[in-house]
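Heads up: the sequence lines are chains A and B, in that order.
My numbering runs 277 ahead of the 1-based position in the first sequence.
My numbering runs 277 ahead of the 1-based position in the second sequence.
There may be inaccurate statements among the hints.
Since the list gives no way to pick out one identical chain from another, each pair is judged satisfied if it fits inside one copy or across any two copies.
[Unchecked claim] With a Cα cut of at most 27 Å, we get these calculated DSSO-like pairs of lysine-lysine:
(1) Lys394 with Lys308
(2) Lys308 with Lys323
(3) Lys280 with Lys458
(4) Lys427 with Lys308
(5) Lys308 with Lys506
Source of the hints: derived by calculation from the structure; they are not laboratory data.
Computed from a predicted model, the values in this text were never measured in an experiment.
Okay, here's what each chain looks like letter by letter:
2 protein chains.
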Amino acid sequence: MKKVGVAILGLGVVGGGTYKILTEHREFYKKIHGIDISVVSVLERKKERATALGLDVSKIASDISEICNNPEVKIVVEVMGGVEPAKTFVLAALNSGKSVVTSNKELFCKYSHELEKAAKSNGCGLFYEASCVGGVPVIRTLIDNLQGNKIMSMMGIINGTTNYILTKMASEGVSYKDVLKEAQKLGYAEADPTADVEGFDAAYKLSILSSLAFHTKIPHTKVYREGIKDVDLLDLKYGNRFGYTLKLLAIGKNSENGIEVRVHPAFVQNSHPLASVNDSYNAVYITGDSVEDVMLYGRGAGALPTGSAIVGDIIYCATHDNFNYSTFENNEDADPSIKFITNFESAYFMRFDAEDKPGVLSIVSSILGKHGISVAQVNQENEKKGGTVPLILITHETYEENVKKAVEEINGGKVAKVVSVVRVVT
Amino acid sequence: MKKVGVAILGLGVVGGGTYKILTEHREFYKKIHGIDISVVSVLERKKERATALGLDVSKIASDISEICNNPEVKIVVEVMGGVEPAKTFVLAALNSGKSVVTSNKELFCKYSHELEKAAKSNGCGLFYEASCVGGVPVIRTLIDNLQGNKIMSMMGIINGTTNYILTKMASEGVSYKDVLKEAQKLGYAEADPTADVEGFDAAYKLSILSSLAFHTKIPHTKVYREGIKDVDLLDLKYGNRFGYTLKLLAIGKNSENGIEVRVHPAFVQNSHPLASVNDSYNAVYITGDSVEDVMLYGRGAGALPTGSAIVGDIIYCATHDNFNYSTFENNEDADPSIKFITNFESAYFMRFDAEDKPGVLSIVSSILGKHGISVAQVNQENEKKGGTVPLILITHETYEENVKKAVEEINGGKVAKVVSVVRVVT
Chain A
278 MKKVGVAILG
288 LGVVGGGTYK
298 ILTEHREFYK
308 KIHGIDISVV
318 SVLERKKERA
328 TALGLDVSKI
338 ASDISEICNN
348 PEVKIVVEVM
358 GGVEPAKTFV
368 LAALNSGKSV
378 VTSNKELFCK
388 YSHELEKAAK
398 SNGCGLFYEA
408 SCVGGVPVIR
418 TLIDNLQGNK
428 IMSMMGIING
438 TTNYILTKMA
448 SEGVSYKDVL
458 KEAQKLGYAE
468 ADPTADVEGF
478 DAAYKLSILS
488 SLAFHTKIPH
498 TKVYREGIKD
508 VDLLDLKYGN
518 RFGYTLKLLA
528 IGKNSENGIE
538 VRVHPAFVQN
548 SHPLASVNDS
558 YNAVYITGDS
568 VEDVMLYGRG
578 AGALPTGSAI
588 VGDIIYCATH
598 DNFNYSTFEN
608 NEDADPSIKF
618 ITNFESAYFM
628 RFDAEDKPGV
638 LSIVSSILGK
648 HGISVAQVNQ
658 ENEKKGGTVP
668 LILITHETYE
678 ENVKKAVEEI
688 NGGKVAKVVS
698 VVRVVT
Chain B
278 MKKVGVAILG
288 LGVVGGGTYK
298 ILTEHREFYK
308 KIHGIDISVV
318 SVLERKKERA
328 TALGLDVSKI
338 ASDISEICNN
348 PEVKIVVEVM
358 GGVEPAKTFV
368 LAALNSGKSV
378 VTSNKELFCK
388 YSHELEKAAK
398 SNGCGLFYEA
408 SCVGGVPVIR
418 TLIDNLQGNK
428 IMSMMGIING
438 TTNYILTKMA
448 SEGVSYKDVL
458 KEAQKLGYAE
468 ADPTADVEGF
478 DAAYKLSILS
488 SLAFHTKIPH
498 TKVYREGIKD
508 VDLLDLKYGN
518 RFGYTLKLLA
528 IGKNSENGIE
538 VRVHPAFVQN
548 SHPLASVNDS
558 YNAVYITGDS
568 VEDVMLYGRG
578 AGALPTGSAI
588 VGDIIYCATH
598 DNFNYSTFEN
608 NEDADPSIKF
618 ITNFESAYFM
628 RFDAEDKPGV
638 LSIVSSILGK
648 HGISVAQVNQ
658 ENEKKGGTVP
668 LILITHETYE
678 ENVKKAVEEI
688 NGGKVAKVVS
698 VVRVVT
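Please construct the entire structure, taking both the sequences and the accompanying hints into account.
Rendered as structure tokens:
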């Protein structure tokens, strides 16, 4: 029986989950896949993490070179996160002829070309399903299933922490700050939540997914990014009256005019499949020219779901002889021939504090009209507060820049002040 | 550049869609995948189908042997449907060293072992993503992504025609017969709708999917099957009051006690992701021991979505040198060591015509209790009709056989007659 030795770099949440899956399923994989996969080495400074997993401390390598020089190791699993020392270690493994499976979105997003070049020149595999959306099979699907499509767009809820926070805010009417505190207590959010709540994590993933979908390197620096820190409970409430749910969406679109990639809060209609993706669940909704719409849904994080993606890659690597690589000849720069669209087209939800007197709607909608924005729905709430009432408009599709100009003009007048502007997916 | 000649057997809906995708994307595939894929031959008796696609009639082969002997043909696409002559043609192609991509669920479900044996012994690939759930990437996901999991269960809406009918019945309050007539007029249902509405189509697909998920051949003859012909509008209405939506579900479960596979109408809670899978959309909800829950959603049929799955397989086949096969050494018989569970465990929706007098609920629930069935919710509707009123119960989980015995005993008495029993997914 073919023996496949695995080394795991980092025994944190995902490394531990991967170790657990591989160990508990060893006999199952022998029976089903005809291969004997075992963890033969780990790199982890905290010895107690290894012993807590029941791992023999003799398997703890003293450094990466010990793993690179170990002939039993066929596949190196990198689950350390961050760029360094992960990058140095992954390159060392590839250059020693080991295939690599990684969950490291930041590393792969920033250095895919350099890593794939090393993998290719050494005849090794480089797999990264676990880098995006945990257990959701989106990378394999893009590479080996939808690869006959021209992908027109993808919309994803690809960060579990922010989706948990927005779901709680909506269902329990609790403010962003309070839900964040609770999420941190429960371990659903980091002590420093910046990467999640400001959309960096989603932007890295969108960079990887849209590069695959659109067949050109989309650097994360090209992703327009807005987080959820300023999401106001009142907007969730008013949006709900129009049948909308607020999500942090990662959106990639590809058309003849160019490519647009953006991460920001957006309203989706309650009837859209993405609207019911709640709590820490994630989903990616992909539209291709042949397949039409496909949605992939599941656990976007967690020890075992992410471990499932890693182990899927390990078995794939162990049972295939030839590996595919993307063909992007760049790391952090985009192909100069690609045009990135920044003046997005979207519908908008606009909330105003308006003077409580007749004619205000006429003035506001006249200014909007002047900037090419037509109004689809209006709601004038009867909730007076300090002399003003809330006025809520949903616009038809228009351009981001038109909205900015209209907001400026309305705020410059006296009858209404813009409180919130939220993009609406149509 | 690598040239890949494709022959298509059958230019019906899916064959035509596949031809269209391959032809229109030829330059795109050269650029992106570095291969030149072209349709070099077709087998189709109706010449007008070829000419309608703009296909040169010189490419119409006179018989299968012409295709088998054509050295330009590397991949044969079988989209004829039915067992014969498809089986003979597929075996001939494999035995001539051609890889095969098929959308034929009945053929693959009934003869997977024979076909895979021929593929393996000839070093050819045999691909069948399009045989199940159209453009939804469920087969590749099971083989190359979730293969490190022990799959515990799958629940699918895997027949578009029945989902269209049930969605229409629920949203418009129209009877089964009337919606079916309309669906036939629109081409969403066949003139003879038996295969769809009686669940045969779903049973074939469940056979293939559960064989892959549970790593043992699950013959379609082991699938318990009930169609949607007897679905009563009133049950949809009353179910809705409990927050349920009715779907034709294909369910596969694997536990230490054995395997159960069944296709039947069932209520799912409105908050379950499957409840919002409407119209002709399909979805498969898979639960694995590591990945937890994954749902794959999309178009389960249609020329281009199914063509997308076929073309995905063609490109995969053209870009991989080694192919995997399942290991089931049987076609239509199950491994004798597998125990199939037929006394399903489920919750139930039960509707009675009950006498309109006090004490009826007590009698009915006492009989249920005697058979080990406990009641979770009750609804006594105030809708008198011919001396009786509707009484609706939702039970906790119990066994199918208990329900049958209780129904018999209740129907043998005078106070209530059972009108409908519908399984409820909990």
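Structure-based check of all given hints:
For the homomeric pair Lys394 and Lys308, the shortest alpha-carbon distance between copies (19 Å) is at most 27 Å, but the shortest distance inside one copy (35 Å) is not. Proximity of Lys308 and Lys323 under a CA criterion of 27 Å is satisfied in neither setting, with 34 Å inside one chain copy and 48 Å between copies. In this homomeric assembly, Lys280 and Lys458 never come within 27 Å of each other (Cα to Cα): the closest approach is 47 Å inside a single copy and 59 Å across copies. Proximity of Lys427 to Lys308 under the C-alpha cut-off of 27 Å is restricted to the inter-copy arrangement: shortest distance 12 Å between copies versus 39 Å within a copy.
Neither within a single protomer nor between protomers do Lys308 and Lys506 lie at most 27 Å apart by alpha-carbon distance, with minima of 49 Å and 42 Å respectively.
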